[in-house]
Amino acid sequence: MSLFYDTRIRAFLYQTIAIGAVVFVAWAMFSTASANLAKQDIATGFGFLARQAGFVITETAIAYEPTDTFGRAILVGIANTVKVSALAVLFGTILGVLVGIGRLSHNPVLSRLMLAYIEALRNVPLLLYLLLWYSLIISVFPPVRQAIEMLPGVFLSNSGLVMPAMRWASGFEALLVALIVGIAAAVVIERILARRRIATGKETPVATIATLAFLVPLAATSLLADISVSLDIPELGRFRLTGGYHVRPEFVALLIGLTLSASANVAEIVRAGIQAVSKGQWEAATALGLPRSRTLKLVILPQALRIIVPPLTNTYLTVFKNSSLAIAIGYPDLVMVSNTIMNQTGQAIEAIAIFMAVYLGLSILISLVMNWYNARVALRER
Amino acid sequence: MKKRILKLCATAAGIAVGLMASTASAATTLETVKARGKLICGVSMSTPGFATADTKGHMQGFDVDVCRAVASAVFGDPEKVDFVLTNINTRFQALQSGEIDMLSRQTTHTFSREVSLGLDFGPTVFYDGQGLMVPKSLGVNSAKELTDAAICTLPGTTTAQNLSDFFRSIGGKFELVVFENPDENRNAFFSGRCEAISSDRSDLASIRAVANNPDDYVVLPETISKEPLAPSVRQNDSNWRDIVSWSVWMLMAAEERGITQANVDEMAKSEDPEIQRMLGVSEELGKMLNLDNKWGYNIVKGVGNYGEVFERNLGTKTALGLTRGPNTRWSEGGLLYAPPFR
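Protein sequence lines correspond, in order, to chains A and B.
Using my numbering, read the first sequence as starting at 1 and increasing by one per residue.
Using my numbering, read the second sequence as starting at 1 and increasing by one per residue.
Since the hints were made in silico from the structure, they are not lab data.
Take these hints with a grain of salt, some might be off.
[What the hints assert, rightly or not] Taking CB as the label site, the calculated pair distances span:
#1 A:311 x B:219: 50 to 56 angstroms
#2 B:292 x A:139: 52 to 58 angstroms
#3 B:219 x A:166: 39 to 45 angstroms
#4 A:276 x B:53: 31 to 37 angstroms
[Stated by the list, open to error] The calculated lysine-lysine pairs, modelled on DSS-like cross-linking and capped at a C-alpha distance of 27 angstroms, are:
#5 B:294 x B:38
#6 A:83 x B:34
#7 A:297 x A:279
#8 B:56 x B:294
#9 B:294 x B:80
#10 A:39 x B:34
[Stated by the list, open to error] If you want the footprint, here are the derived chain A segments under chain B, 3+ residues with CB under 8 angstroms:
#11 47-59
#12 231-245
#13 332-339
Don't be surprised by glycine CBs; every beta carbon is placed ideally from N, CA and C.
The following block holds chain B by itself, in its conformation from the complex (with noise of 0.2 angstroms):
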């Protein structure tokens, strides 16, 4: 009998320290990623542009590249990027939890997320805002003539507040339909549930690719929030961050000094000492990075610089048809600045 209890007690001690053991601080992500083989990514779930799957079952988008950068820096390959599809109420936890290293998912840079959260973002990758977009049918042209009308979203912090904002500023009212399926949101929209649907205008231009007949639809010229979206790590590792952070930032300073995909061997033998340091010719940037001292160059040589990551997934060629817009170089009237490499 007091074996029986004894091993009871063993039991749920064993349980208990399991538990305590569990909350031991791992190694860094860089080491765990290494030891991998592989980055871990959190991307949206079928998002043209941003995230999709070809017919081959290769992910391609926009985030999807700022991963393969990553991927690039420290690996030298783009391919050694495993995707983990998280949805937009999983996705802080896949990355707090660790299931993920680095979370690459149209998301916007908030001070309460950073600070509340446990993450640290990178930079911005693309700077959006909420638009809303109807049937040209409809005659409207203002979001402000909205008002009393059914609008369509999916669930989220800032869409859901920003409309209450948006008409609470107004005086008016309207009606939220929320859907948790991106699907289920565009179906309803483009069977009129819904008068209207807001979204990032990076992503009503994604919906707006797959209707039937694109030119039915319009999205209107109001912006109505600042949505700049942004990759993001776990706090307190700040190689970890130092890494996405640069990597981003390489793909702007790439664009700037005209590296491309095409001529990083060429520009590898350049005379101007900034490119040297950015592709590894001269000094060390990426030893202090804990990276081969060739990171910048395999992420040119991976992906591409930023315009080329822009025009092959949601430039004016591809079905989301985007301008540049703000995504340009600050010397062009954009506001792409990377800091200096040296």
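Bound-form chain A, shown alone (with noise of 0.2 angstroms):
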């Protein structure tokens, strides 16, 4: 009895019973539906996967034919579940983090303005904007046969942005290794200089020298590396324009609700963050001498950022999961495909199974990954 008492066999053996409860419901829940599946003929398991989908998906971020599988079909609905929210949270987050300092701008009409805009964005359903966005596209914009030439060969429609395309017969391998070489470089050097600049306090040219070291490799390969490109430009067919690259309404009217409704969640939570660092910050870099924007620069927002990023993860998460809108205006996102599969096999459980999965999978992934930005931001004890 006395093993009982001690403190850590009872820990372990409650997280014991805890665990062993949770396996149970969720064995008997999956045991249950399985055996109601099988009762009521309804075909189980994910051998659907490797059969041939059969069906047309037209944006597609990754190559596929209907002759592919739905397990690739389920692959490309994922594509463009995070092409379009992680454009959405760059966009929202540049966006949101102008409209956030706005917001405290001294000029009246610029904070009441920006206290506007959000507004407008916080307390109208995401769904009805996505709807109001694309109903706008496809009544404002003529139709392709009518398309705006705005510049050779791009061609504004309500079928959306068609504009020539770089087809790269060659050399493409070494231009991209040339860019992140460049990129690599000068992140290095900015902060080689950055930390002579501490150490020494001489000045040096930073920003001339991180793009010059950014330049050099790529225009030392586009000299020396056999680099053959070709335009597709689109033209006008019968129906519509042939070639080039096409920017789909569905896409674009996705993307503009996504990216205002992350920038007026972005906003609220930059104007709270700055807010939050005391005045007496303010006041001393003030009577340091420098400028309001230095200030908001170099001191305020390194302290906001501390309490801006928790926050701003659950913004980023909502983003990606509200993408899911995007059956609504006919933008082929996870869910959509899934639609389409389940409605196929008839075989929901599974479907559904998959897209939570995802979604679950991706979201911690977010979350990880703003976690260790977190942990880099936060105040260091030293």
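From these two lone chains plus the hints, build me the complex, please.
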């Protein structure tokens, strides 16, 4: 009996029981579901993933043909979801930081305007905005046969933006390597120069040197390597523009909707973060003679980031999950592809399990990255 | 402390038992429907001609009348039915889970659906096929000319797949734009986002009916698929399946025999032995289905015969303006052929 009074053993026991209960409930649900499905003669299992999909997906971030498998179709859906959410997070953050700072401006017109922007976007469901942006795009712009030619080869219509695409015959990999090397070099040089300036106090023209470091590998590659590119210029066929690169209205409407809603949330987070930095910091920086813009950049924002990052993670997760509203306006994201598959195979449980697992996995990944970033900017005690 | 552990185990076991209990099979569908006093029928969301609510909220349409026929057979009253609006993705789950007793929702009878989805289809109530509709101004006369065009559709098994198959067979490509919501789908087509819209021909007729000017649109001659639309029920309940199937056949047989909503009382006095059997005047066909013996009389009295149901909801005098086409009696070159009532 005395064993039971040992805290460690007791804790271990409780944990085992808790885990056991969870596993048992999960097992019971799983076996009941399978038994029910078997009783109703409903096909089960993931075997369908290897069967031919047979349906067309128009917007594909990775190569896909109707003769590919259901598994491949799901990958296309994932890639489309990731593409639109990643871009929305990027643009939403940039726009949101600007709006958030504008919200704190001493100019009453600007700050009120930003307030109106935030409130208008935060207080109406995103789905309605998506339908609004989409309806606007397809009713404001002309049909594709009367497409507006903005620049030679660039057409705007209610079927989206079509522009010349570059088709690389050779040298693409070399340029890609040069680009990565250039970026790495610029970052490293910037670090070294910054450290030197802190150590010695000597100013160097950092921006110029870093730009050079970025451009030199690119220039060298384009001179030395065999690069041949052909332009694929869109042409007006009988119905549509063929060739070139298409930006479709479904994608644009979704990107605009997600970006704007993210920017409104980011703006409020940024404003809260900046206002949470004590007033004394502003006054101290002013006393040192720093102008307002540099105070913001060098003193306030680095401190505000610590407050901003955790709620920002939340916003990013929301953007990612909201991208599933794509189905309302015809963008083939993961949910839409899964729905089609569900409809073709009738295997709803499996299809939903897959897309839930994907959303869960990617959300956890986003959280991990943001937590890592949060740990980096967090206050470090020295 | 022990108590708490016991409690935890009890809760877990309780949940598990609860889950298991739900597997125990309940009464037959007919018993459930009779006990409830109402049929629950899955129909589509706002498809003119097939299932729409009128200004008073009363459901009407071709699919709706199939449900009403079954309600008449069971209760002798076409109004004893509740309608559940199902969408394309959830319709089969609604049936499998028992949320609805039958599905009457422009659903194509296919091999894989019948074999792998745990359901049984009744007789085909409407022989349809997938077509394409374009604006007249496009100057297109055949679907084969639509290579490289954008085509709007609803998500669904057969629709998108038939288009893929069709364009693969003619060696062309097309841009597919898929909408979850029928309204968005129509709007995208009417505003010119897509050159063509594709669906079952009956559905195209109802899309055309809501256009600002229906004459601006034309349905192309090609029928790129066979779409026999049929009601469905859960598998392994043959009594219920018989009731749904024979209710549909009753509609068809009534038309063959010239029994209408107006003359059914008169026809009940007929000397014709099959009419007597159908209307429950002689023999006990109804009882064999576990229904009232006057089930056939009730169906025709409640909703009329197949021809009346068709003309009322889809026919040339309605906004859809469909002709009977293959949906006419076999004796007139159509495909409707009810097995004999004996």
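Hints, one by one, checked against the model:
A hinted range of 50 to 56 angstroms for the beta carbons of residue 311 of chain A and residue 219 of chain B is consistent with their spacing of about 54 angstroms. Between residue 292 of chain B and residue 139 of chain A the CB atoms are about 55 angstroms apart, so this pair conforms to the stated range of 52 to 58 angstroms. Our hint of 39 to 45 angstroms for residue 219 of chain B and residue 166 of chain A holds, since their Cβ atoms are close to 41 angstroms apart. Between residue 276 of chain A and residue 53 of chain B the beta carbons are some 53 angstroms apart, a value that contradicts the proposed interval 31 to 37 angstroms.
For the proposed pair residue 294 of chain B and residue 38 of chain B, the alpha carbon gap of about 18 angstroms is at most 27 angstroms, so the pair holds. Of the supplied pair hints, the one linking residue 83 of chain A and residue 34 of chain B is violated, its CA atoms being roughly 53 angstroms apart against a limit of 27 angstroms. Among the hinted pairs, residue 297 of chain A with residue 279 of chain A is consistent with the structure: their alpha-carbon atoms are about 15 angstroms apart, no more than 27 angstroms. A hinted pair counts as satisfied when its Cα atoms are at most 27 angstroms apart, and residue 56 of chain B with residue 294 of chain B does not qualify at roughly 30 angstroms.
Distance check on the hinted pair: residue 294 of chain B and residue 80 of chain B sit about 16 angstroms apart at the alpha-carbon level, within 27 angstroms; holds. Among the hinted pairs, residue 39 of chain A with residue 34 of chain B is consistent with the structure: their alpha-carbon atoms are about 24 angstroms apart, no more than 27 angstroms. For the region 47-59 of chain A, the assignment as covered by chain B holds, since 5 residues bring a beta-carbon within under 8 angstroms of that chain's beta-carbons and 3 suffice. With 5 residues bearing a CB less than 8 angstroms from a CB of chain B, the region 231-245 of chain A meets the requirement of three and the coverage assertion stands.
Coverage of the region 332-339 of chain A by chain B holds in this model, with 3 residues showing a Cβ closer than 8 angstroms to a Cβ of that chain against a need of three.
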